[in-house]
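Chemist: Sequence:
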Amino acid sequence: MLSYGFYNYYILTKDKIKSIINNNEFAIDMNKFIQKTYYYTNKYMDWKHTLRLDLDLDKMNNSQRLLLIANHSNLTDFIHLFYLMNVLFPDHKILGVTLKMFGDACIPYVSKELKKHHILLEGNFEKDKIFIEDRINENKNKKTIMLLFPEGSMYKQSYVKKSIDWCKKNNLKMFKETLCPRSKGLYTILSGYKPDYVIQGLLSFKDDPDRVKGNEYYHILENNFPLLCDVELYESNMNDIFNSSNDLEDFEKKLYDYWYIIDDKIVRKYNSIRKLHKTIQENRQLFYDYGHHNNKLLMDIYNYMILIVPFIYYKYGFKTGTVTAILIFLFYKYYVN
Numbered sequence: 113m114l115s116y117g118f119y120n121y122y123i124l125t126k127d128k129i130k131s132i133i134n135n136n137e138f139a140i141d142m143n144k145f146i147q148k149t150y151y152y153t154n155k156y157m158d159w160k161h162t163l164r165l166d167l168d169l170d171k172m173n174n175s176q177r178l179l180l181i182a183n184h185s186n187l188t189d190f191i192h193l194f195y196l197m198n199v200l201f202p203d204h205k206i207l208g209v210t211l212k213m214f215g216d217a218c219i220p221y222v223s224k225e226l227k228k229h230h231i232l233l234e235g236n237f238e239k240d241k242i243f244i245e246d247r248i249n250e251n252k253n254k255k256t257i258m259l260l261f262p263e264g265s266m267y268k269q270s271y272v273k274k275s276i277d278w279c280k281k282n283n284l285k286m287f288k289e290t291l292c293p294r295s296k297g298l299y300t301i302l303s304g305y306k307p308d309y310v311i312q313g314l315l316s317f318k319d320d321p322d323r324v325k326g327n328e329y330y331h332i333l334e335n336n337f338p339l340l341c342d343v344e345l346y347e348s349n350m351n352d353i354f355n356s357s358n359d360l361e362d363f364e365k366k367l368y369d370y371w372y373i374i375d376d377k378i379v380r381k382y383n384s385i386r387k388l389h390k391t392i393q394e395n396r397q398l399f400y401d402y403g404h405h406n407n408k409l410l411m412d413i414y415n416y417m418i419l420i421v422p423f424i425y426y427k428y429g430f431k432t433g434t435v436t437a438i439l440i441f442l443f444y445k446y447y448v449n
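So the sequence shown is numbered by my numbering: it starts at 113 and just counts up by one.
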């Protein structure tokens, strides 16, 4: 069985990622650009993933169309999800979804690959629906899995402010650890793509409790990315929400209610991460204080030991006095300093 319980954990390291890339069985529909992205990023970064699954993988691997939605944390989180999708659903071609303006802003090679293999939305419902249908028709004989971030933007302060302003303007409860989701893109995907199953992804980064790494483009130059990614994947009821909605406006209200639950889960994850970091810092300070006090005590002992050196020279001679002085010096070097 390929269906795993909720509390199964898998640590996926740099070496395992390389082995996946070099294994053609797991790279059936991976285009060269994504393969190179995996290889070069993990060549220089020791990423680790903790994965929790609550999915019937047998059922989903036999389906034609899958949709993965997730919270958007930083510039690199899509790579974690692309990699996991390639491992969990090796027969499915991955289709990423982003805005056309972001695709156009990329360097030429990346922009070309995005336009060729993925879905770039313009924000126009009718145009986007036609484009999605055309992309689906191009891959109608292939199994596909689509990745979409409903928030539309990654979690950083400028976008957080926009999310807060939008919630205030529309009298919505504030989101704490996610951005307010954008309904139109997800609605367009659900109506045009019609996935058999929707998977919800929850991402958090254990080495970034303050959420300040990897969410600015200059972080690429600084190599300032979080490395310890916790991923939780489970089957979502988003299809039921879509099918029960009368129109886009009704869907938007239900999406907000759904995303508040997602936000609450991410809040609990980051509260645990921050609590852990706080405990580590407190213990580190405790050890520092103990070591500082301990060194002061040893320094006092060293000062008293120095006083006996002249006496040793006088009582036992030059040789014994010199040996004593050396031993006291070594004591200072290895235990006091």
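To be clear, the hints were calculated from the coordinates, so they are not data collected in a lab.
C-beta: ideal position from N, C-alpha, C; glycine also.
Be careful, since some hints might not be right.
[To be verified] With a straight-line Cα cutoff of 30 Å, these simulated DSS-like cross-link-like pairs (lysine-lysine) come out:
1) 239 to 325
2) 171 to 281
3) 268 to 281
[Stated by the list, open to error] Simulated restraints, written as ranges between beta carbons of each label pair:
4) 282 to 303: 45 to 55 Å
5) 336 to 365: 18 to 28 Å
6) 377 to 273: 21 to 31 Å
7) 324 to 387: 16 to 26 Å
8) 252 to 389: 45 to 55 Å
9) 286 to 387: 36 to 46 Å
10) 387 to 252: 47 to 57 Å
11) 425 to 322: 55 to 65 Å
Chemist: When the hints from earlier in the document are held up against this structure, which numbers fail?
Modeler: 1, 2, 4, 5, 9
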